[in-house]
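*Asks:* Line by line, the protein sequences give chains A and B.
My numbering applies: residue 6 is where the first sequence begins, and numbers increase by one.
My numbering applies: residue 6 is where the second sequence begins, and numbers increase by one.
Bear in mind the hints are in silico, worked out from the structure with no lab data behind them.
Just so we're clear, the structure is a prediction, and the values are computed from it rather than from any experiment.
One or more of the hints may lead you astray.
A pair counts as met if it fits within one copy or between any two copies, since identical chains are not told apart.
Heads up, simulated DMTMM-like pairs for lysine to aspartate or glutamate below, C-alpha to C-alpha not over 25 Å straight-line [as the list claims (entries may be wrong)]: (1) LYS318 x ASP456; (2) LYS318 x GLU475; (3) LYS566 x ASP660; (4) LYS594 x GLU308; (5) LYS467 x GLU569; (6) LYS594 x ASP103; (7) LYS406 x ASP436.
Number of protein chains: 2
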Amino acid sequence: MKLRSLLVTLAALCVGTAALADEGMWLYSAPPRAQIKAKYGFELTDAWLDHVRLSSVRFNSGGSASFVSGDGLVITNHHVGADSLQKMGSQEHNYLRDGFYAKTASEEIKCNDLEVNVLQSIEDVTARINAAVSVTLSGAEAALARRKIIAEVEKESRDKTGLRSDVVTLYQGGAYHLYRFKRYTDIRLVFAPEAQIAFFGGDPDNFEFPRYDLDVCFFRVYENNQPVQSTHYLKWSARGAADSELVFVSGHPGRTSRLLTTPELAYLRDNQFPDQLATLKRREVLLSSWSARSQENNRRAREDLFGIQNSRKVRDGGLAALQDPAFFGAKVAAEKALKQKLADSPNGAEALAAFERIAAAQKSIALVANRQRLLEGGGGFNADSFSLARRLLRAGDERPKPNGERLAEFAEARRESFELMLFTDKPIYADYEILSLADSLTYLAANLGADDPLVLAVLAGKSPRARAAELINTTQVRDVAFRKKLYTGGAAVVAAAHDPMIEVARLIDTEARALRKIVEAQTEIKQQAQALIGKARFGLEGANTYPDATFTLRLSYGTVKGYEENGAPVAAMTTLAGLYARSAEQDNKSPFDLPPRWVAKKSALDLNVPFNFVSTNDIIGGNSGSPIVNQKAEFVGIIFDGNIQSLSADFGYDDKQSRALSVHSAGILEALKKVYEVPALVSELTQGHR
Amino acid sequence: MKLRSLLVTLAALCVGTAALADEGMWLYSAPPRAQIKAKYGFELTDAWLDHVRLSSVRFNSGGSASFVSGDGLVITNHHVGADSLQKMGSQEHNYLRDGFYAKTASEEIKCNDLEVNVLQSIEDVTARINAAVSVTLSGAEAALARRKIIAEVEKESRDKTGLRSDVVTLYQGGAYHLYRFKRYTDIRLVFAPEAQIAFFGGDPDNFEFPRYDLDVCFFRVYENNQPVQSTHYLKWSARGAADSELVFVSGHPGRTSRLLTTPELAYLRDNQFPDQLATLKRREVLLSSWSARSQENNRRAREDLFGIQNSRKVRDGGLAALQDPAFFGAKVAAEKALKQKLADSPNGAEALAAFERIAAAQKSIALVANRQRLLEGGGGFNADSFSLARRLLRAGDERPKPNGERLAEFAEARRESFELMLFTDKPIYADYEILSLADSLTYLAANLGADDPLVLAVLAGKSPRARAAELINTTQVRDVAFRKKLYTGGAAVVAAAHDPMIEVARLIDTEARALRKIVEAQTEIKQQAQALIGKARFGLEGANTYPDATFTLRLSYGTVKGYEENGAPVAAMTTLAGLYARSAEQDNKSPFDLPPRWVAKKSALDLNVPFNFVSTNDIIGGNSGSPIVNQKAEFVGIIFDGNIQSLSADFGYDDKQSRALSVHSAGILEALKKVYEVPALVSELTQGHR
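Just need the whole structure built from these sequences, with the hints factored in.
*Replies:* Next comes the structure, spelled out in structure tokens:
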């Protein structure tokens with residue numbers, strides 16, 4: 006937000022509104038009506054907002070989506086649906102790679118453990134939460150008190166409304182809002198293109214522009230075994246987005262860090278990001294190498310590998326921003342200016358002291374960060390079997406406790422979602438588990454040293470590879486019935502099972518919990534301090550601001566607009582013709598090869614139809630699959646990426662080169678009509694009903 | 006060597022000779038005549054040894070080779086020649102990827118900066134070296150004294166004989182031998198196959214067996230613009246190696262660490278290997294991603310990427326061995342047993358104390374290792390432009406010093422080789438340099454922290470990427486004439502040039518040199534201690550042993566022999582038929598695709614001809630390209646790899662599953678005749694002359 010306040014300050018100096026940047030991931034409860042009115046002359050009405058909100062869908066697997074028909078049809082990105090496509094696949098059916106189309110409702114395939122949410126209401130519960138957390142409490146006690154009141158508010162709301170109810174921490178603890186969602190768990194696949202065209206250009210072209218990806222996927226939301234009748238859905242625009250047009254993105258940005266203080270940013274820059282990057286790159290090499298040994302390996306690892314490569318580019322971009330003295334220096338300067346203002350203001354002392362507390366807390370976290378990541382973060386135990394084992398172990402210990410005293414993920418209000426995760430019947434492959442666990446145990450031993458007592462205890466006299474094989478081959482946690490038995494039976498039954506993987510989770514649990522407690526207590530201290538700073542900043546800078554992203558529904562606005570790179574203009578739109586040209590330029594070799602269907606149907610296509618485009622909307626990871634809508638609230642495209650210059654968005658907005666990337670609604674329609682020849686789906690999109 | 010002594014001890018307990026393992030990388034000056042006679046009944050004669058030695062060739066770029074005709078024709082691996090193939094390539098000619106054949110002598114292409122050596126003689130100079138290094142000297146003083154006497158011996162020999170003269174440290178300083186080599190620097194490419202077939206299966210199949218690689222490449226050695234008349238060359242065996250046959254490998258194993266003490270091994274396990282692996286994997290991801298953006302990127306990075314992926318597998322294998330409690334435990338047990346023997350022996354105290362000194366020295370090294378790797382090791386400045394800049398800077402400072410006081414690489418005896426490296430006219434690509442330097446500067450800042458004073462000074466207020474671009478775009482060191490001017494001019498001319506890259510080298514030089522000095526002094530302490538242990542061990546265990554590898558000529562022996570894996574037998578040989586089967590199994594997709602020529606000529610081939618095979622010979626990196634010869638000293642194959650189980654060979658020999666991998670001489674001939682149709686080359690191989 007330091008960058009933002011700079012921009013706002015600059016804007017305030019200008020006459021008129023032209024200098025206003027399209028910054029912000031705005032709350033639906035506090036939309037930027039004035040800014041949009043001032044810059045674009047467009048009026049955001051309540052009706053418009055309600056309609057777009059109720060048409061917006063959150064994929065809890067980590068993305069966004071929207072209803073595009075009255076019969077529960079939703080569109081998201083192929084890479085958001087990929088997790089489900091991978092899980093519903095088998096050695097015989099590789100839906101992720103080959104695509105899928107359900108000609109009739111009966112052919113639609115149900116996803117394994119997918120939950121999607123639609124936001125019903127937002128309620129400000131700040132006063133109630135703060136009232137329950139006395140300012141005299143220490144960090145750990147305050148954290149417990151806050152967890153307790155949050156769990157209480159959530160449970161009360163859930164009991165009363167039957168809706169999923171999450172208290173969301175905004176403005177770093179400056180505000181608490183209760184978000185109520187309608188949950189859907191019967192989601193079925195309708196259409197997916199081939200991975201080749203969805204992710205055309207693969208990792209090399211990821212985050213690049215110009216781009217040519219059909220990164221879309223259609224699902225249908227069911228309830229009581231019937232498609233939901235979605236009264237709110239986005240009308241499909243056959244014309245789609247036009248250059249220079251005002252467009253909105255309604256989606257779920259996952260996380261930004263724009264309000265962090267400079268010691269926190271320095272920690273990310275010098276500690277957390279380098280550590281995460283080393284892990285990501287280690288796993289990327291592991292999975293790339295293993296995938297290449299056979300086609301089945303490739304199918305099993307593809308989805309994880311994509312996620313890793315994607316995160317790696319994001320982190321590399323974030324690190325580059327933080328290591329850039331210009332970028333970091335602006336943060337330092339803004340913080341210095343704010344501190345000066347605080348020093349000059351009569352009530353600034355409290356906020357200034359808060360800065361000191363944040364710096365101290367960040368130091369305390371840094372001291373335990375490495376072991377915390379390995380043990381509690383799971384960096385040393387990277388396997389689904391381990392995660393399941395730990396969930397079972399902890400469920401036995403946590404569930405008998407009062408709701409408010411449990412670890413956050415065991416709160417009553419999250420029970421259904423937790424159980425959905427725990428009882429997933431997605432396939433878990435032993436060979437892949439061994440590969441991944443052996444790699445992370447190797448890293449554990451390398452990082453802590455092979456003579457570390459905890460390492461010796463975990464490995465039990467075996468090499469990382471041998472121990473991984475032993476644990477994966479003997480644990481029963483991959484059996485859903487076994488998990489149900491232990492979860493239902495509680496701690497005594499868990500202990501009696503003597504499952505080797507659960508026993509490993511138990512072996513490290515005391516230390517893992519202790520590390521988590523330290524980090525949570527320090528985080529609580531930071532949160533309280535940040536809330537004080539937030540309040541003081543609010544007093545100095547006034548209202549009309551947006552909080553950091555929290556994977557809850559936000560609205561951003563911007564224009565379809567190209568940019569300049571290395572002195573040359575980059576046009577805002579690509580066309581289908583560009584797709585064929587890019588493929589030819591790379592000799593049609595993977596990942597620039599086209600699915601046979603696209604080769605065969607080339608002559609049928611209107612190659613001038615727009616395919617992908619860029620806009621200035623402020624987005625971040627989690628926005629993938631977000632609808633991009635025009636002033637009439639029509640669907641004109643779907644967000645699927647940001648360009649490489651946008652990877653600093655975690656820490657600040659910039660509209661010089663930074664752009665959001667979307668698939669164009671006209672391009673999608675042209676492909677469905679001429680390449681995939683799916684008239685029923687085309688008609689549902691254009692008519693709004695099956 | 007601990008593993009070895011265990012094996013020897015076991016063998017000594019057995020009746021007969023069957024239990025003798027085929028262990029050892031033996032000195033030509035102390036060949037294992039008795040062992041071979043005992044186990045195989047074969048007599049190693051002086052004539053046989055001289056002939057094979059003088060037919061053996063060292064590629065100073067990092068591999069082995071052999072003369073296979075009387076007209077200077079040498080064969081090595083494609084991956085050993087790859088460095089040269091890459092350098093002689095251009096945007097128009099991708100010899101590395103597409104292969105090459107010179108129909109006539111005039112078409113042969115000269116390599117850029119390749120030096121090859123043929124070993125002429127070995128002289129034991131231990132007494133002279135030790136006499137010049139008083140036992141009363143401290144580590145640093147002893148190192149200086151040793152460097153001085155070594156430089157003196159080398160220079161004297163070089164002046165007298167005109168031969169390249171290197172004093173080689175053997176048995177960890179237990180012995181010093183003077184190796185004299187004939188140097189050749191006019192090496193021309195004769196034949197290379199396509200990278201696809203040379204490295205069929207790519208990284209996924211690297212270090213795996215069964216294998217199907219035509220990993221060969223032919224060069225011709227010239228002198229005075231004429232092919233050398235090699236009186237010693239290996240006769241080509243058209244029949245090649247047979248199952249269960251006794252075979253020898255004559256080549257240049259680079260480095261083994263079999264005599265390391267357990268604190269040194271623990272350092273590798275917990276410190277050095279994890280660090281190297283993180284760097285390798287970081288660079289692998291960087292280059293893979295960049296290569297995939299365009300075919301020209303791919304050509305520029307391919308050779309480095311191959312080297313990185315190869316090293317990554319080697320290090321992963323080495324780390325796995327060291328992290329295996331069985332393997333490491335055997336080392337610990339052997340060391341304990343040796344120490345007990347020393348404690349029981351009247352003269353053991355000195356060697357026991359030496360163990361303590363090694364442990365202490367290793368600790369001192371660990372303290373500075375990180376910064377040493379970044380600054381002196383170049384981990385933070387990974388670009389050819391930086392290496393050249395530092396060479397120029399240091400040449401200016403070192404060359405005026407007395408020969409014996411210079412940093413090792415500036416010793417007079419190495420001058421010609423040093424100048425060959427410095428004045429290379431291989432293409433250095435600015436974009437690739439920026440990519441690589443930006444990545445390593447990013448790592449430097451992440452590792453030391455962006456606020457580290459040295460990092461701030463190096464980056465000069467810019468981001469790593471911007472600073473890398475600035476340095477690479479403004480330095481003149483990629484201009485050979487500029488380098489010649491500065492090298493000739495000396496320190497004053499270097500300083501006057503104000504070259505930005507040289508100034509960066511200067512900026513870090515004081516600390517880099519200081520770190521190097523610490524490591525060299527501690528290494529010297531270790532070396533002296535190891536020499537004491539070596540002597541004591543020799544006293545306890547008797548003669549007939551081999552020193553750790555030193556990239557000098559060694560002889561190993563073994564048999565062509567399959568093994569068992571996961572309970573199933575793996576045959577010793579693959580055939581050409583297997584190549585086509587493996588490709589089909591992977592849908593002929595890269596890296597399992599076959600060059601068009603191989604597809605077209607399939608029917609012409611005798612598919613039963615052996616292609617690759619395994620043997621029990623004791624080898625390691627550097628042995629790539631070594632001839633594998635039979636009892637008649639005929640060329641029956643060429644080493645190109647070890648299997649995945651052999652990656653513990655750095656620390657110990659094992660013949661249960663560990664195998665050396667070779668291309669079979671019959672398979673090479675079949676391919677040259679039927680696929681490449683190069684009768685002149687075939688005739689030269691079979692006739693021994695053009």
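*Asks:* Check LYS594 against ASP103 for me: Cα-Cα at most 25 Å, and say if that holds within a copy, between copies, both or neither.
*Replies:* both (17 Å within a copy, 16 Å between copies)
*Asks:* If the cutoff is 25 Å on CA atoms, where do LYS318 and GLU475 land: within, between, both or neither? Let me know, please.
*Replies:* between (34 Å within a copy, 23 Å between copies)
*Asks:* Between copies, within a copy, both or neither: which fits LYS406 and ASP436 at Cα up to 25 Å?
*Replies:* Answer is neither: 37 Å inside a copy and 60 Å across each miss the 25 Å cutoff.
*Asks:* I want to check one pair: LYS467 and GLU569. Are their C-alpha atoms no more than 25 Å apart within a copy, between two copies, both, or neither?
*Replies:* Cα proximity of LYS467 and GLU569: across copies only (21 Å, versus 56 Å in one copy).
*Asks:* How would you label the pair LYS318, ASP456 (within, between, both, or neither) given a Cα cut-off of 25 Å?
*Replies:* between (34 Å within a copy, 24 Å between copies)
*Asks:* Between LYS594 and GLU308, at a C-alpha cutoff of 25 Å, which is it: within one copy, between copies, both, or neither?
*Replies:* Close inside one copy (21 Å) and across copies (20 Å); limit 25 Å.
*Asks:* Give the relationship of LYS566 and ASP660 under a CA distance limit of 25 Å: within one copy only, between copies only, both, or neither.
*Replies:* within (10 Å within a copy, 65 Å between copies)
When each numbered hint is compared with the structure, a violation occurs for hint 7 only.
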